[in-house]
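Protein chains: 2
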Amino acid sequence: MADRTVYNPMRKVAIFGGTHGNELSGVVLVNHWLKHGEEIARPDIDVRPFITNPEAVEKCTRYIDTDLNRVFDPENLRKENKLNLSYEVKRAQYINSVFGPKGSDEAYDVILDLHNTTAHMGATLILENSRDDFTIQLFNYIKKCMAPLTCSVLLNEHPQLKYATTRSIAKHPVGVEVGPQPQSIIRADVLDKMRMVVKYALDFLKDFNEGKEFPPCNLEVYKVLENVAYPRKENGDIAAVIHKNLQDQDWKELNPGEPIFSTLDGKTITYEGECAVHPTFVNEAAYYEKNQAFTITQKILLTAQSVRCINSK
Amino acid sequence: MADRTVYNPMRKVAIFGGTHGNELSGVVLVNHWLKHGEEIARPDIDVRPFITNPEAVEKCTRYIDTDLNRVFDPENLRKENKLNLSYEVKRAQYINSVFGPKGSDEAYDVILDLHNTTAHMGATLILENSRDDFTIQLFNYIKKCMAPLTCSVLLNEHPQLKYATTRSIAKHPVGVEVGPQPQSIIRADVLDKMRMVVKYALDFLKDFNEGKEFPPCNLEVYKVLENVAYPRKENGDIAAVIHKNLQDQDWKELNPGEPIFSTLDGKTITYEGECAVHPTFVNEAAYYEKNQAFTITQKILLTAQSVRCINSK
Numbered sequence: 001m002a003d004r005t006v007y008n009p010m011r012k013v014a015i016f017g018g019t020h021g022n023e024l025s026g027v028v029l030v031n032h033w034l035k036h037g038e039e040i041a042r043p044d045i046d047v048r049p050f051i052t053n054p055e056a057v058e059k060c061t062r063y064i065d066t067d068l069n070r071v072f073d074p075e076n077l078r079k080e081n082k083l084n085l086s087y088e089v090k091r092a093q094y095i096n097s098v099f100g101p102k103g104s105d106e107a108y109d110v111i112l113d114l115h116n117t118t119a120h121m122g123a124t125l126i127l128e129n130s131r132d133d134f135t136i137q138l139f140n141y142i143k144k145c146m147a148p149l150t151c152s153v154l155l156n157e158h159p160q161l162k163y164a165t166t167r168s169i170a171k172h173p174v175g176v177e178v179g180p181q182p183q184s185i186i187r188a189d190v191l192d193k194m195r196m197v198v199k200y201a202l203d204f205l206k207d208f209n210e211g212k213e214f215p216p217c218n219l220e221v222y223k224v225l226e227n228v229a230y231p232r233k234e235n236g237d238i239a240a241v242i243h244k245n246l247q248d249q250d251w252k253e254l255n256p257g258e259p260i261f262s263t264l265d266g267k268t269i270t271y272e273g274e275c276a277v278h279p280t281f282v283n284e285a286a287y288y289e290k291n292q293a294f295t296i297t298q299k300i301l302l303t304a305q306s307v308r309c310i311n312s313k
Numbered sequence: 001m002a003d004r005t006v007y008n009p010m011r012k013v014a015i016f017g018g019t020h021g022n023e024l025s026g027v028v029l030v031n032h033w034l035k036h037g038e039e040i041a042r043p044d045i046d047v048r049p050f051i052t053n054p055e056a057v058e059k060c061t062r063y064i065d066t067d068l069n070r071v072f073d074p075e076n077l078r079k080e081n082k083l084n085l086s087y088e089v090k091r092a093q094y095i096n097s098v099f100g101p102k103g104s105d106e107a108y109d110v111i112l113d114l115h116n117t118t119a120h121m122g123a124t125l126i127l128e129n130s131r132d133d134f135t136i137q138l139f140n141y142i143k144k145c146m147a148p149l150t151c152s153v154l155l156n157e158h159p160q161l162k163y164a165t166t167r168s169i170a171k172h173p174v175g176v177e178v179g180p181q182p183q184s185i186i187r188a189d190v191l192d193k194m195r196m197v198v199k200y201a202l203d204f205l206k207d208f209n210e211g212k213e214f215p216p217c218n219l220e221v222y223k224v225l226e227n228v229a230y231p232r233k234e235n236g237d238i239a240a241v242i243h244k245n246l247q248d249q250d251w252k253e254l255n256p257g258e259p260i261f262s263t264l265d266g267k268t269i270t271y272e273g274e275c276a277v278h279p280t281f282v283n284e285a286a287y288y289e290k291n292q293a294f295t296i297t298q299k300i301l302l303t304a305q306s307v308r309c310i311n312s313k
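Protein chains in written order, with this note's numbering: chain A, 1 to 313; chain P, 1 to 313.
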């Protein structure tokens, strides 16, 4: 096993906004950069800002027919009979034709996909592959630059819970998730954090392309274990809400026996797992329809080898 | 001028939820009380919980065709030709037939209309008429019971900015607005505050009906002066966001020269009014489409005479 991983330079980079049309930080930034690109320009990198779901952005809604951030699987990307496809599947095929094809050599090197959440997750990076040394190094760099601000890393490679994201067409997909921000508004503090993450990501790519070697590193990540559903009444109505002790406590340790829900008639429901976990996406608005009250994760340490650009000067 | 105002007992009371279908505290409480009414029952008062915009609630959206909370004006309530009416105007006519007719003796005595906002307004009561001694006394009672929690009162009787609310069909309309809460989620802390406001309102009505006299009182209210618009680019896009010094500062004093917006290219826009004001509805999600960044108000003191029930035992 080599102790260094080498890659071609990263020349094709995209910044996606509006994958969910009511998550406005990315929409506003991408629209701004489409007209004023200086901030995201880096030498010898084609950095392309792009609104992925323009109809959902226009309507300020998450999606038109189906969640765009769930349909980049081979089956949807291959579907024919254009007349019967949902707006988002058609759009996914188009995006794949421009920035992919997914899994091919021609695919974009890096896609930063900008999202917001109503959960108190702060600046969060989402990793899809724990063996992708390049992306681990990138995340490690961003995390260090963001300090003393917290920048957490969520690892989702759960066999059932991983989903086919828009960014997954890139060789190195980067999910950027910043909260708390209600849907359909823009908060200056959240906008600033997202802007910082993008800046540091692009700075890393520039340094990398110019031949800088990044030494081996460890990265603390929160690995997705399970989604926790809302208690429901027989008619489907929500029977309990996130307990006030859990609200806004994303990433903090949750121990067995601690409260997670309050029922409308005043009872407390506690966490009955076997060991301490770290909840995240606590009370995310878009996950009510997916019946996810929060996601539980486990803190683990990833290791990446040294990375370097193969044919830099 | 008498130093006491007398009223008939308040027998017909409604609690409205879902006037905006994605403001979930009221939706959840009203749905709960429709099945478990003990909490809102008071002797000799018909307290009726009611979902005003069920289709918008079903879709978890503010409205279907038009804002239900703006169409209770005589023109809309009188419109014929049912086929061409928007869903909400038809619904307004139905609600008016059940709880009104607006302005008539048969109209409900009190309607509490439950709303949420993304602004950091805490528990807020909205008053529509500064000469309605009964409602001022009710608000004064609720405010005192809520202490040490803040409960602010917004007075909207501005000749251009007052709008035809759903609750306005009652003799004594009570707007209940609790935030901050993102659209489409339920926060336990916000739910608790709304529940307390409703409890104290009903307690007041019970005491009032039983003959308790409420002595003259003063009530501090924030009177609506003006809505402040977002700066826009030529293409209509938002050119600036609420400045971080103003975000979450609802009700606090804003002085001329203090920052109110940040532009996307880093400039600060300051407040250029002539005197100190108190902003509210700062960064409310639903007001982007109305192009209202925030509302400025002036703090004034209202006075109410003593109120008593005319024919109590």
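Hints are supplied without guarantee of correctness; some may be wrong.
Because identical chains cannot be distinguished in the list, a pair is counted as satisfied if it fits within a single copy or across any two copies.
[As the list claims (entries may be wrong)] List time: in silico PhoX-like cross-link candidates among lysine-lysine, alpha-carbon distance up to 25 Å:
id, residue 1, residue 2
1, K267, K162
2, K82, K212
3, K299, K267
4, K35, K267
5, K223, K35
6, K199, K267
7, K102, K244
8, K290, K252
9, K171, K206
10, K59, K199
11, K12, K82
12, K267, K171
13, K299, K82
14, K79, K199
15, K79, K244
16, K299, K233
17, K199, K244
18, K223, K12
19, K162, K212
Keep in mind the hints are simulated off the structure, nothing from the lab. All values reported here derive from a predicted model rather than from experimental measurement.
Results for each hint:
no. : hint        : result
1   : K267 / K162 : neither (33 Å within a copy, 41 Å between copies)
2   : K82 / K212  : neither (46 Å within a copy, 71 Å between copies)
3   : K299 / K267 : neither (30 Å within a copy, 40 Å between copies)
4   : K35 / K267  : between (53 Å within a copy, 17 Å between copies)
5   : K223 / K35  : neither (37 Å within a copy, 41 Å between copies)
6   : K199 / K267 : between (46 Å within a copy, 19 Å between copies)
7   : K102 / K244 : neither (42 Å within a copy, 40 Å between copies)
8   : K290 / K252 : within (23 Å within a copy, 38 Å between copies)
9   : K171 / K206 : within (17 Å within a copy, 67 Å between copies)
10  : K59 / K199  : neither (29 Å within a copy, 38 Å between copies)
11  : K12 / K82   : neither (29 Å within a copy, 56 Å between copies)
12  : K267 / K171 : neither (48 Å within a copy, 37 Å between copies)
13  : K299 / K82  : neither (43 Å within a copy, 59 Å between copies)
14  : K79 / K199  : neither (36 Å within a copy, 56 Å between copies)
15  : K79 / K244  : neither (45 Å within a copy, 46 Å between copies)
16  : K299 / K233 : neither (33 Å within a copy, 45 Å between copies)
17  : K199 / K244 : between (35 Å within a copy, 20 Å between copies)
18  : K223 / K12  : neither (28 Å within a copy, 54 Å between copies)
19  : K162 / K212 : neither (32 Å within a copy, 62 Å between copies)
Of the numbered hints listed earlier, those contradicted by the structure are 1, 2, 3, 5, 7, 10, 11, 12, 13, 14, 15, 16, 18, 19.
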